[in-house]
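Asks: Make a model of the complete structure from these sequences and hints.
2 protein chains.
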Amino acid sequence: MSSSTFVGNPRRPRVIVFDVNETLSDMSTMPERFVDVGATSPLAGSWFGGLLRDGFALSAAGNAGKFADVGSRLLKAMLHGVQLNRPLDAAVEHIMDGFLRLDVHPDVADGVTALAEIGIRMITLSNGSVGVAEKLLDSAGLLSRFEMLLSVDAVGEWKPAAHAYEYALAQCDVDDPREAMLVAVHPWDIDGASRAGLATAWLNRDGGGYPDYFHAPDLEATSLVRLAQRFGSDVAS
Amino acid sequence: MSSSTFVGNPRRPRVIVFDVNETLSDMSTMPERFVDVGATSPLAGSWFGGLLRDGFALSAAGNAGKFADVGSRLLKAMLHGVQLNRPLDAAVEHIMDGFLRLDVHPDVADGVTALAEIGIRMITLSNGSVGVAEKLLDSAGLLSRFEMLLSVDAVGEWKPAAHAYEYALAQCDVDDPREAMLVAVHPWDIDGASRAGLATAWLNRDGGGYPDYFHAPDLEATSLVRLAQRFGSDVAS
Chain A
1 MSSSTFVGNP RRPRVIVFDV NETLSDMSTM PERFVDVGAT SPLAGSWFGG
51 LLRDGFALSA AGNAGKFADV GSRLLKAMLH GVQLNRPLDA AVEHIMDGFL
101 RLDVHPDVAD GVTALAEIGI RMITLSNGSV GVAEKLLDSA GLLSRFEMLL
151 SVDAVGEWKP AAHAYEYALA QCDVDDPREA MLVAVHPWDI DGASRAGLAT
201 AWLNRDGGGY PDYFHAPDLE ATSLVRLAQR FGSDVAS
Chain B
1 MSSSTFVGNP RRPRVIVFDV NETLSDMSTM PERFVDVGAT SPLAGSWFGG
51 LLRDGFALSA AGNAGKFADV GSRLLKAMLH GVQLNRPLDA AVEHIMDGFL
101 RLDVHPDVAD GVTALAEIGI RMITLSNGSV GVAEKLLDSA GLLSRFEMLL
151 SVDAVGEWKP AAHAYEYALA QCDVDDPREA MLVAVHPWDI DGASRAGLAT
201 AWLNRDGGGY PDYFHAPDLE ATSLVRLAQR FGSDVAS
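So the sequence lines, in the order shown, correspond to chains A and B. So that you can map any letter, position 73 of the first sequence is 73 in the numbering used here, and since no number is skipped, the others follow by simple counting. So that you can map any letter, position 31 of the second sequence is 31 in the numbering used here, and since no number is skipped, the others follow by simple counting.
Keep in mind that the hints were calculated from the coordinates and are not lab data. Each hint should be verified, as a subset may be incorrect.
[Claimed, not checked] Below, computed lysine to any residue pairings styled on SDA-like, alpha-carbon distance capped at 25 Å: (1) B:Lys76 / A:Phe48; (2) A:Lys66 / B:Val185; (3) A:Lys76 / B:Thr222; (4) A:Lys76 / B:Asp212; (5) B:Lys66 / A:Ala162; (6) B:Lys66 / A:Thr222; (7) A:Lys66 / B:Asp212; (8) B:Lys76 / B:Ile118; (9) B:Lys66 / A:Val185; (10) A:Lys66 / B:Thr222; (11) B:Lys76 / A:Leu100; (12) B:Lys76 / B:His94; (13) B:Lys66 / A:Lys76; (14) A:Lys76 / B:Pro42; (15) A:Lys66 / B:Lys66; (16) B:Lys66 / B:Pro87; (17) B:Lys76 / A:Gly209; (18) B:Lys66 / A:Asp212; (19) B:Lys76 / A:Gly49; (20) A:Lys76 / B:Ser223; (21) B:Lys66 / A:His215; (22) A:Lys66 / B:Gly197; (23) B:Lys66 / A:Gly49; (24) B:Lys76 / A:Val185; (25) B:Lys76 / B:Pro106; (26) B:Lys135 / B:Asp175; (27) B:Lys76 / A:Thr222; (28) A:Lys76 / B:Lys135; (29) B:Lys76 / A:Gln171; (30) A:Lys66 / B:His94; (31) A:Lys135 / A:Asp175; (32) B:Lys66 / A:Ser223; (33) B:Lys76 / A:Lys66; (34) B:Lys76 / A:Asp212; (35) A:Lys76 / B:Arg205; (36) A:Lys66 / A:Gly49; (37) B:Lys76 / A:Glu157; (38) B:Lys76 / B:Leu88.
Replies: Put into structure tokens, the structure is as follows:
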């Protein structure tokens, strides 16, 4: 798949449903927060992967944890035995606070603006809290571009459970799920949305491979600007 | 929790249901296989974490992949763009082959023998295949100690989904789930089994912390030998 190839033939969506963590937010500053407290930077990747693994495990077992609770409590368990330069609770707080100080990726402002200008409605749907999405988009001056910010907290099941996407469609009055498009960097999110009937676009900023046990995206793009171009925006990338 | 503290007061189980990957098998040789093919050893941890994350995501979305398929296909996606010293398919095969050449942890032979000698029935229940468990236990000379080897492949849902544990109980004719004890190193497995009504023992070989969004184990032990001692074995640890 190239950056401008339709795998299927998705219609221009009425609404784009954006994932937030890593899709809009740039989490590359999180490893520094681990170093700040005396831990090592690679622990950041293990922790975020573990957060998703454990959240999905809870969902698979029919339960759900709040993203921030799973994140902070897993962090506490993982920092157990690490020589920190401050008390454990303060270290956890410092790292979790990083979520509230993330920037958007460099392509997000132009991409979101271009999508808004060609009349595509936009919302967010996160496994994290509405507050984190709001802070992120407000800091970037993009909050007004979004019609609403949603969290699975209102559903009690994390994406990729079908109910999460169904909830988002109901909130923005979309009856035909194919009229909505989920945009995410995470293959499991593409998979879940696709199984729930939404069109999907995989944002592949780093040229990675897509695991083929997940439903393939309808569309793949290297940036949000490129995605907007596919739907008729003439903004330069 | 110390290594010999009952958190609750579990009865001596009629049957122990063992998780296999990392609980019985020592996966510390897997990073070498990544180095063998020209990748870096830390990728091993990201890959195994990602394998679980994606398998649980599929389960949360109501689907299931085979462990070996998820493992090999995720590996293929992750090795995309890595400079390997052999063709991609050969690299994936070399790494996946590592699952068939694992040893058990040092405490497993004495622990399993001690548990058998005090008359506790033992089975395995893995998200992986029966073949991998069989090869592991056969190589260690322990296969005859186990009454049966089970895989979630027969269920179509991965642990920690409740059906997986219910299937195991049905296979070994246990009507009261509290008469069976799930033994695992992975907190999500303890959590799922606990929610399904089984007694649980968390094998904590490395002194790590337990994330408190998961149901707590009934019992924690630093080795299988210690666990056997809790149930009356007099084998030395």
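Asks: Taking each numbered hint in turn, which are not upheld by the structure, reported in ascending numerical order?
Replies: Numbers 6, 8, 10, 11, 13, 15, 25, 26, 28, 29, 30, 31, 32, 33 and 37, in rising order.
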